[in-house]
Every structure is written in C-alpha cells, then in structure tokens.
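**Student:** Residue numbers (this note's numbering), protein chains in the order written: chain Z, 1 to 505; chain R, 1 to 235.
Derived from the structure by calculation, the hints contain no laboratory data.
It is possible that some hints are incorrect.
What the hints assert, rightly or not - Quick look at which bits of chain Z chain R covers, simulated, 3 or more residues with Cβ under 8 Å: (1) 27-35; (2) 99-107; (3) 124-135; (4) 401-412.
As the list claims (entries may be wrong) - If we take Cβ atoms under 8 Å as the criterion, some of the chain Z residues that face chain R in the derived model are: (5) Thr263; (6) Ala266; (7) Arg357; (8) Leu372; (9) Arg376; (10) Pro378; (11) Trp453.
Small disclaimer: the values here were computed from a predicted structure and weren't measured.
Virtual Cβ for every residue (Gly too), placed ideally from N, Cα, C.
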Amino acid sequence: MRTLVVWCPDWPVVAALAERDLPGHLPAAVFVANIVQACNGAARDFGVRRGMRRRDAQARCPDLVVLDQVPERDARGFERVLAALEELRPGVAPLRPGLAALKSPGRFYGGEPEAGAVIAECLVGLGIRDVRIGIADDLFTAEQAARCAAVQESLVVAPGESGVFLRGLPVDVLDEPEAVGLLKRLGLPGLADLARLPLADVEARFGTRVAWVHRVLHGADARPLSTRTPPPELVGQVDFEPALDSAEAVCFSARQTAERFVTRLAERQLVCTEVVLTVEADGAVASERRWLHPRWFTAPDLVDRLHWQLVGSLRVGDIRSAITRVRFAPETVVPEADHADGLWGGTDARVERGIARVQGMLGHEAVVAPVLQGGRSPADRQALVPWGERATALRPRRLPWPGSIPPPAPARVFPAPWTAGVLDAGGRPVAVLPRGAMTGEPSRFKPGEGEGWQPVAAWAGPWPVDEQWWEGGKPLVRFQVVGVDGRAWLVTFDGSGWVTEAAYD
Amino acid sequence: MTAALLTSDTQVEIDRLRERMRRMESGQLGSARPELDSLPGLSQVIRLRAGGSYQVDSASLALALMAGPSRSGAWCAAIGWTDFGVEAAAELGVVLERTILVPEPGEAWLEATAALVDVTALVLVRPPERVPEALAAKLSARLRKRGTALVALGPWPRCEASLSIAEPQWSGAGRGEGHLRARRVVVEVRRGTAQPRRTALWFPGGDGAAVAEPVCAPVCAPVCAQPVEALRVVG
Numbered sequence: 001m002r003t004l005v006v007w008c009p010d011w012p013v014v015a016a017l018a019e020r021d022l023p024g025h026l027p028a029a030v031f032v033a034n035i036v037q038a039c040n041g042a043a044r045d046f047g048v049r050r051g052m053r054r055r056d057a058q059a060r061c062p063d064l065v066v067l068d069q070v071p072e073r074d075a076r077g078f079e080r081v082l083a084a085l086e087e088l089r090p091g092v093a094p095l096r097p098g099l100a101a102l103k104s105p106g107r108f109y110g111g112e113p114e115a116g117a118v119i120a121e122c123l124v125g126l127g128i129r130d131v132r133i134g135i136a137d138d139l140f141t142a143e144q145a146a147r148c149a150a151v152q153e154s155l156v157v158a159p160g161e162s163g164v165f166l167r168g169l170p171v172d173v174l175d176e177p178e179a180v181g182l183l184k185r186l187g188l189p190g191l192a193d194l195a196r197l198p199l200a201d202v203e204a205r206f207g208t209r210v211a212w213v214h215r216v217l218h219g220a221d222a223r224p225l226s227t228r229t230p231p232p233e234l235v236g237q238v239d240f241e242p243a244l245d246s247a248e249a250v251c252f253s254a255r256q257t258a259e260r261f262v263t264r265l266a267e268r269q270l271v272c273t274e275v276v277l278t279v280e281a282d283g284a285v286a287s288e289r290r291w292l293h294p295r296w297f298t299a300p301d302l303v304d305r306l307h308w309q310l311v312g313s314l315r316v317g318d319i320r321s322a323i324t325r326v327r328f329a330p331e332t333v334v335p336e337a338d339h340a341d342g343l344w345g346g347t348d349a350r351v352e353r354g355i356a357r358v359q360g361m362l363g364h365e366a367v368v369a370p371v372l373q374g375g376r377s378p379a380d381r382q383a384l385v386p387w388g389e390r391a392t393a394l395r396p397r398r399l400p401w402p403g404s405i406p407p408p409a410p411a412r413v414f415p416a417p418w419t420a421g422v423l424d425a426g427g428r429p430v431a432v433l434p435r436g437a438m439t440g441e442p443s444r445f446k447p448g449e450g451e452g453w454q455p456v457a458a459w460a461g462p463w464p465v466d467e468q469w470w471e472g473g474k475p476l477v478r479f480q481v482v483g484v485d486g487r488a489w490l491v492t493f494d495g496s497g498w499v500t501e502a503a504y505d
Numbered sequence: 001m002t003a004a005l006l007t008s009d010t011q012v013e014i015d016r017l018r019e020r021m022r023r024m025e026s027g028q029l030g031s032a033r034p035e036l037d038s039l040p041g042l043s044q045v046i047r048l049r050a051g052g053s054y055q056v057d058s059a060s061l062a063l064a065l066m067a068g069p070s071r072s073g074a075w076c077a078a079i080g081w082t083d084f085g086v087e088a089a090a091e092l093g094v095v096l097e098r099t100i101l102v103p104e105p106g107e108a109w110l111e112a113t114a115a116l117v118d119v120t121a122l123v124l125v126r127p128p129e130r131v132p133e134a135l136a137a138k139l140s141a142r143l144r145k146r147g148t149a150l151v152a153l154g155p156w157p158r159c160e161a162s163l164s165i166a167e168p169q170w171s172g173a174g175r176g177e178g179h180l181r182a183r184r185v186v187v188e189v190r191r192g193t194a195q196p197r198r199t200a201l202w203f204p205g206g207d208g209a210a211v212a213e214p215v216c217a218p219v220c221a222p223v224c225a226q227p228v229e230a231l232r233v234v235g
C-alpha cells in the first residue's frame, strides 16, 4: 500500500509562533528545563542546536524568541492541518504533532508527485511554509523520504525501490540512540551495512525495532495505517447577512443555532459546561468570552449569555460595527449522566426564571451568589459570584489563617471601609508602632462619617496581619471596639490612620 | 361595671371583625396565613407570617429571621444590601446555596424586589429612600398573593410588626484582652400602637454559637464569668 507522509519540520516552534502571532522567519526555539528542545531554521543559521543550553543559545543569537514547551498547543495547532488534509483525502493517521500519514492518492490528482504538490499547496495556504512530503511503499520509508525532501517538495520512492532508497541512508535515522551508537562503534555506519547482517542476529543484538527496520530494508513490511475518524463538528455558528447591529436582533437570530448546538451535543449524550462565545463584526473578532455554567448550558442559557456579552461589549465599545457572525464553541463537555437530575427535582426552575428576570433588568453581574472562602479580614472571607457563573480561584477555608478574627462574624461587612478615628485619653490619635506597641489605650472613637464620637466601653485586640508585603501590602492591625451605646465595630489601623471594616450590628 | 363589660365585649367584636377583614384581604378566607419557620431561640419573640411585611433595625436580627425559612429549604433573597456579612449569615444558619443577593439594584430596587417576591419565601430589603405608603400597599398585595414575607432593614410603612434591638451589651472583650463572644440584647416587638413586647436574649450566644438563647438559660453563667485568656499588648 502506497503511503504518503506529510512532515512539518520544527512543529513545536511553528505552532508556538503561530499562536503568538509572530512571523515564522524569526529565530525561535522551544526550551524544556533551559535546554533547546526544538528550534527553527533561522535559529539554526545562528548555530543554535537541539540539546544546547539556553544561555549558549542566547549567546549565539541574542534575538532568539524563547518559547515554552506546551504539548497541547502543538497538538491543537496540528488539528488544523489534519482537518485540511482530511478535506483532500479521508483516512489520515496522525503520527505525532508535525507528522501525519495518509494513503497515497495514486491517480486522483494525476499521479503521486501531483498529489504531493496539491497537499503542499493546501498547507502553504494555511500559513505553514515548511512542508515536506515523502511517498513510498511503507510508512518508515515514506517518513525517511519526507525528511530527505526539499521545502515544499515531495520525494517519491518508486514501488519496490524502498530497500535501495534506505540503503543509502546513515544509521542515525533509526531514532534508537543506543542501537545507533553500538552500530557505529561496530563499524556499521549505514543502513546498507545493517541490511547485510542476518535477521536473527539483528533481533537478538539490537531489539525488535531495529529488526523491524531490517525487514523493511528487505522489503518485507506492510503494516496498514491506523487512520482516525474525524471528530464530530460541535461548534455552532450563525452568519448574518445583512449584518445586524442590535443585541436583541442578534439574540433572536442566534436562538435556533443555540438550540441546534445543544441538540447536537445531546445526540452524543453530552452536555456543555463551559462555552466560548465569539462575536465577529466586519469579519474580525470583536468580542470573545468564556462562560461557565454551574450545571450545564441549555439553549436559553446560551442566548442569555450572548445577550449579556453583546450588551456589555456594545456599552464599552468593543463592538463598533455591525455583527456578522456568532460562534458557540464548546470548551468543556461532559457526559449527560454526570449532571442528570435526581428523580425528585433539582434546582427550582421557577427560581432560576425569577433570577433571570432581575438579570434582564439590571445586567447579569447585578445578581450574585454569596460564597465563603478563606482569608483574614471579614471582606476577604467572603466572595460574591455573579449568578450563573461558577466560583473559581477561591481561597481554601481549611487553612488556619493566623490573624483572622475569632467568631462571631460581623453581620455588616463594608465593601469600602469607612474612615474612622480613635483617640486616647489625652485626645491624641492612637497609633500602632511598627513593632506592635500602641501609643495609648483607645478611649474615644468614631466609626464613620454618619456616626458620632463616643467613649470606648471595651476593646479587644490587636490582631496584627502583614499580608503580601512583597507586593506592597501594608501591615494592618485590627481591633474590636465596643462603644458605650453597646454597638461593636471592627476597626483597623493601616499604618497611617484608622478605618472601620465591619460592624457587629 | 356594666360599662367595663361592654367595652371588653366591643373590643372582642372589633378584633373578630378585624381578623375577618384581614383574611378577606389575603384572598384566603377560612385559612389563616401559614407561619414561616423560625430559629428556635427567636420563635418566642416573633413568628413571621407568609405575606407579612416586617421592619427591623439590626442586620444580625434580619439575618436571623432569614435563617429560619432558609434552613427549612426555602429560597431567600436580599436586595440593596451592599454590606451583607456572608460569614455571619452562614453562622446564623442561612443556607448560602439558596440565597440570592442583589447588592446594588439602584433605581430599580422595587422592580427587583417584586420579581424576587414571586419566587422566594422571604425577601430582605434595604430601601434606599423613604417608601411611599401607596407603594408599600401595592407590594403588600403581591406579598400576600405569593405568600412571601418581607423584612425591611429601615422604616417600612404599615408593617405588621416592627422589631428593634435595645440595650445591647457585648461580653468577652475587656480593655485589650479577650474578644467579642456573646451579646445580651432586649428585642422589642411593636405591633401597631400596642405596647412593645420586650424579650431579653443572648444573641449571638456564647462561644460562636450564633443562635439566640433566652437570658434565663444556663449559658448566662459561663458567659458572664469569661476567663480572661488573651495576651494583652502593653503600649
């Protein structure tokens, strides 16, 4: 079976540069633990090589773009290539990011070199300039042929000529460092030398993989490609012709697409818990936002999110021209069974509708769900999450949080602290010195603008806290103060003055 | 003597007629409006009725009133509370998963309240301005129809009862030592022009137990005789 291999050299670098919207001709390298893992041709021209230390690489090429290794990014970038190949010829086998094989289209494009040219042209159209194609009887030979091919060219090894082609290559192509080292030390630098050895001896001395190459050299390998089934297209999108400029009109027109999006997932017993909504205006992405759902998205939920996003973007001016396209891309999908309602009810749908009405009136951030989290000040220990979003990045409550105030918690926690005043018996403002000592005992205080001065009946503290001093955080000292009227407050000295953070109302 | 008997009879008759009118107003003639659940310590002070509106002057008391229905599975909402103490609410027994907050409704506070009255069992409101009586009456009809109770933090016209906290005394804090532990308060409940009913409570009770307890309960003794344990910083 004739096999065609498409090779995009230095794929990690190509994918990383494409994701960062950098031109491909810049010298760049992907590093793992400060060692060059992959570099592109421009970097190689400066003398950067695989396995080189970062400081050496940067010494040779100070302009080198330093990239991190992200295997997911490489695979994600290559998905685009696979999709383009599948358009031309179904039955593509991805070998690894940057390398894919397919059954060679023998006559469809008028011959194998022509097929190679069509594929190369297609990938260059995607912006991948360095494409090499090899065509041979088997996968191994085709891959070696691709590696020998010139940029955007294809190298065809004629049927039955695999052995002849491979015999001209050095043993380094084996990709088995131990075996390669051993073969070289034994004085066998080329695959031709390997081919002359008896098969049984090769298998006993060098292992199965080298023995398999040995069989290929004698023209005995014919393994079928394990091709992939193209993944289902779950992204839903709707184009507007003519373009629309009001949020209501867009939402109305997107309703059917949202329903289709949810149905298509449901056909595969999936539900979407995280979606990326992209709004394009005049062919350019004008607004893109990731939405999380505490349960999963239904079609009205998607339309709601779209409405909120549009209203928000129109208000801040992200969308300046008429909207031409809306895309729903599922970011996280989970099996439906994970989220199935119990037989006896789940969240009250009636309540959700009431909340949606208020969100419609005031905007979606106006309705919030209170959540507890860890922290030292009362304001840090709570979080208000917009209704319908999932709370993320909460501080764990189980940690000890030294410096936090013991219960009972204050019933009123001011979002912005009030300016307060605390005086000692002599009428001088009380201060807390850097070492924690107080200049006097509080005897009179004023919790805030609307409250008057009053004598202190009792006070407790201090609870000193020095949070995030490495990022410019100030040391704070908290006190509980009870006035003679019996009301208690949480007042804080922040190094220069007093503020009231909460009230024990 | 006769006059006194007559007045008491008249009084009973008036009360009976008033009760009848109240039931007709609520549209459920023959069945009294059900009571909402309340915290054990507060049940002797006040029992909220579905469809009633109440006025309180203390945030913690409002949260405690909310905790009763919330604990028994109802949804609750708070509108206009920018300084909602989430941790205090949780300590008092409010179930946060069934709590909806609209901290800054702005001009539309009444519309937001009306929308949430339709779907929750209890709504806490802090009105930003003086509420006109006509408006309160309109909302009150909606409350009765939906069987939702409204608790306003601040003045509310024609409310069923007005709760206030008097003579608060915190225990636990000294001159720099200890920390706030318990509070002895007198809760006054005013209904119409009648004399206020006063009940003394420990609220919150001793050592983090945030429920209200009557003063005569044994918690009184340990709380009053708090051992002083925290170190004192000498200035």
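**Student:** Taking the hints in turn, state whether each one holds.
**Tutor:** Verification of the supplied hints:
no.: 1; hint: 27-35; result: violated (count 0)
no.: 2; hint: 99-107; result: violated (count 0)
no.: 3; hint: 124-135; result: violated (count 0)
no.: 4; hint: 401-412; result: holds (count 8)
no.: 5; hint: Thr263; result: violated, 28 Å
no.: 6; hint: Ala266; result: violated, 27 Å
no.: 7; hint: Arg357; result: holds, 5 Å
no.: 8; hint: Leu372; result: holds, 6 Å
no.: 9; hint: Arg376; result: violated, 12 Å
no.: 10; hint: Pro378; result: holds, 7 Å
no.: 11; hint: Trp453; result: violated, 19 Å
Hint compliance for this structure: hints 1, 2, 3, 5, 6, 9 and 11 are not met, and every other hint is.
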